[in-house]
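Peer 1: Take a look at the letters that make up each chain.
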Amino acid sequence: MATRVGIEVSIAIADAVKLANPDVIAAYPITPQTHIVEHLAELVANGELDAEYVPVESEHSAMSACLGSAAAGARTFTATASQGLALMNEVVYVAAPMRLPIVMAIANRALSAPLSIWCDHSDMMSVRDTGWIQIIAENGQQCVDNIICAFRIGEDQRVLLPVMVHLDGFNLTHVIEPIEFPEQSEVDKFLPPCKFPLPLNPDNPVAMGDFAPPVIFTEAKWAQEMNIRASKKVVLEIWDKYNKAFGRQYYAVEKHHSDGAKVVLMTMGAVGETASVAIDELVAEGQDVGQIRLRLWRPFPLEELREAVKDAEVLIVLDRAISYGGPCGPVASEVKAAFYDQAKRPKVVSFVGGLGGRDITVAGFKDMVKKGTEIARTGSKNEYEIYGVRE
Amino acid sequence: MEKYAVYVPRLIKKRENFAPGHRACIGCGEALAVRMAFKALDNNVIVANATGCIEIVASQLPFTTWHLPWIHTLFENPAAVASGIEAGYKAMKRKGMAVPENTKVVAIGGDGATSDIGLQAISGALERGHDFTYICFDNEAYMNTGIQRSSATPFGAATTTSPAGKHSFGQFTWKKNMPEIAAAHNIPYVATATHGYPFDLMAKVRKAADTPGPAYVHILSVCPTGWRSATDTVNRQSRLAVQTGVFPLYEVENGVYKMSIDLPKLRPVKDYLKIQGRFRHLSDDLIQQIQDRVELEYQKILEKANNVTKRAKSKSKTGAAKASAR
Chain B
1 MATRVGIEVS IAIADAVKLA NPDVIAAYPI TPQTHIVEHL AELVANGELD
51 AEYVPVESEH SAMSACLGSA AAGARTFTAT ASQGLALMNE VVYVAAPMRL
101 PIVMAIANRA LSAPLSIWCD HSDMMSVRDT GWIQIIAENG QQCVDNIICA
151 FRIGEDQRVL LPVMVHLDGF NLTHVIEPIE FPEQSEVDKF LPPCKFPLPL
201 NPDNPVAMGD FAPPVIFTEA KWAQEMNIRA SKKVVLEIWD KYNKAFGRQY
251 YAVEKHHSDG AKVVLMTMGA VGETASVAID ELVAEGQDVG QIRLRLWRPF
301 PLEELREAVK DAEVLIVLDR AISYGGPCGP VASEVKAAFY DQAKRPKVVS
351 FVGGLGGRDI TVAGFKDMVK KGTEIARTGS KNEYEIYGVR E
Chain A
1 MEKYAVYVPR LIKKRENFAP GHRACIGCGE ALAVRMAFKA LDNNVIVANA
51 TGCIEIVASQ LPFTTWHLPW IHTLFENPAA VASGIEAGYK AMKRKGMAVP
101 ENTKVVAIGG DGATSDIGLQ AISGALERGH DFTYICFDNE AYMNTGIQRS
151 SATPFGAATT TSPAGKHSFG QFTWKKNMPE IAAAHNIPYV ATATHGYPFD
201 LMAKVRKAAD TPGPAYVHIL SVCPTGWRSA TDTVNRQSRL AVQTGVFPLY
251 EVENGVYKMS IDLPKLRPVK DYLKIQGRFR HLSDDLIQQI QDRVELEYQK
301 ILEKANNVTK RAKSKSKTGA AKASAR
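Taken in order, these protein sequences are the chains called B and A.
What the first sequence shows, in our numbering, is residues 1 to 391, in sequence order.
What the second sequence shows, in our numbering, is residues 1 to 326, in sequence order.
When the alpha-carbon atoms are kept at most 30 Å apart in a straight line, the in silico DSS-like pairs for lysine-lysine are as follows:
#1 Lys176/A with Lys166/A
#2 Lys255/B with Lys347/B
#3 Lys207/A with Lys265/A
#4 Lys336/B with Lys381/B
#5 Lys189/B with Lys95/A
#6 Lys221/B with Lys336/B
#7 Lys310/B with Lys347/B
#8 Lys347/B with Lys336/B
#9 Lys241/B with Lys95/A
#10 Lys189/B with Lys93/A
#11 Lys195/B with Lys221/B
#12 Lys258/A with Lys300/A
#13 Lys195/B with Lys95/A
#14 Lys195/B with Lys93/A
#15 Lys336/B with Lys310/B
Keep in mind that the hints were calculated from the coordinates and are not lab data.
Being a predicted model, the structure only gives us computed values, none of them experimental.
The shape of chain B in the complex, shown without the other chains (with noise of 0.2 Å):
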């Protein structure tokens, strides 16, 4: 049976890795991913979970520690956060065209200067292209089955892709939640040992990372899109068996009220919840209103959002980064593009707000609604709106 405890989410997190039994756990502290990596070495140290614990020197040794222990067959997990995913974004690179399974969690942080310690998504955006299959969990509880469900994923020998799993700095990982963990033997029925088919072996030799001429660049690198474009069906199929197996249903896109409303609102991350309640308060009031909330950053679920607001005419889209100089908020960007091209397609009104930690309150959410449907109708002199700055 199940147990459902209250605890803090960066530790819930641990024992969800924990129940996944890695083999090499791989870490450089960075607030607020702290609490994550602490509760691991402690269950390294207390003997509750055998694993290495290597303590590196860098964040960049840390995914480099990775890469060699999933090449080497070994179920890999870490975790970091802003700078520290700056600091190794040359390494999380490499990754996903080597094929290497490696779990890690993202307490999503707001990249300096100035330095900030508190939660945004520019840390995210910034390794979009990097191949990585890219989950973003709204609860501990999506937490912890996302965690789960991430080895799995990517050690699907369709997929064999690495995965991250975001979560919002202090919004979740510092927040107490009951959260319910499945027993370790569900556990181990669901995510079978990693068998990774080629790894380093003295007794099979195969050399990794040899370099491409432009004779073959493109190839390996269509390989890799290929790849992770086929993965999202696997993503989904897995949901579906995590579902089966432990009754928590995930998608892509997840529906709150959207079904038929003309004005949606699109979250990304924990201030999800607070617009789940600025919604069901507007609903109540009568408004023709619904959101989305984006599970999947990448591979992007361009079918799951297109049909999630085919009914809607106003799309509003929330942004916790901002696109320097671009067009719009990189979310909202994105799907302006999933769109354009669609004969029917909503209007999509991009926002920017909650940056470095700033909050998001109900009412901010009721009148982020009310703003965009209004833009959508009269149009506005910005290429998109930064929420609650002060000019």
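Please build the complex by placing chain A on the supplied structure of chain B, with the hints as guidance.
Peer 2: Frame of chain B; chain A shown alone:
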């Protein structure tokens, strides 16, 4: 001794872990050194390679020169990648998963990957005590990108980013002492070697790989392309580096220094410098500066090794009673 030289090659395996057919320059001392280093080991080895000459000449999709499991990811991280491989093997073995016994992990990189961009990752891996060997194949500049200076480029050498000119005599800094930096981590084994002394090189690599815990081997590898020297003299240049004291051969085993060859008298550094185009602009005054510095550095190493000998002698006089007290 001459008969020994005829006999000894028969003791070495025929098997090549680093096969011929790669694209290194004619007379590449590094390719020689890599071949010897991995000939010294069996086939129970996993190689983590930094970006650089050897990575480029020995790998190109879909070919490889390596008969060993080999991974290249980036420039500055082979020590960290090796950490991960070692940790992975350790955990999988402990947990009863099917992995081969007694697998050695060897990380390799050039002098740029080692003494510049990868120094932090190497320091981390040595400090954490992973059971692996790091080998630096030092050709004293960024040769792969076109002979740019590194912190391992010797004083006075002209490179493309430390050119000799009206206002410059080439590299104006002294070579970073990587073996001493490695030794400062108090790791069980540090050694220097060069391909001009092949049996010494092979014995040291073997010893390094067999040492439990981290080991570091620094191998001077002559680069005729970058050193502007004749391709048929690479081994002579390598031996002259040792005989002039420019590159002393020694081992540091658990903190104990030991000279590898007995040189009653050092040859003048000029013998080494004059056959390399990268030094041809040097004035007598600069050559003298190099001579003085080489003697000073050589003496430092010699004293460390001699002190050990002295201590060992005095210990044997006073008996072993004190030795066991820690």
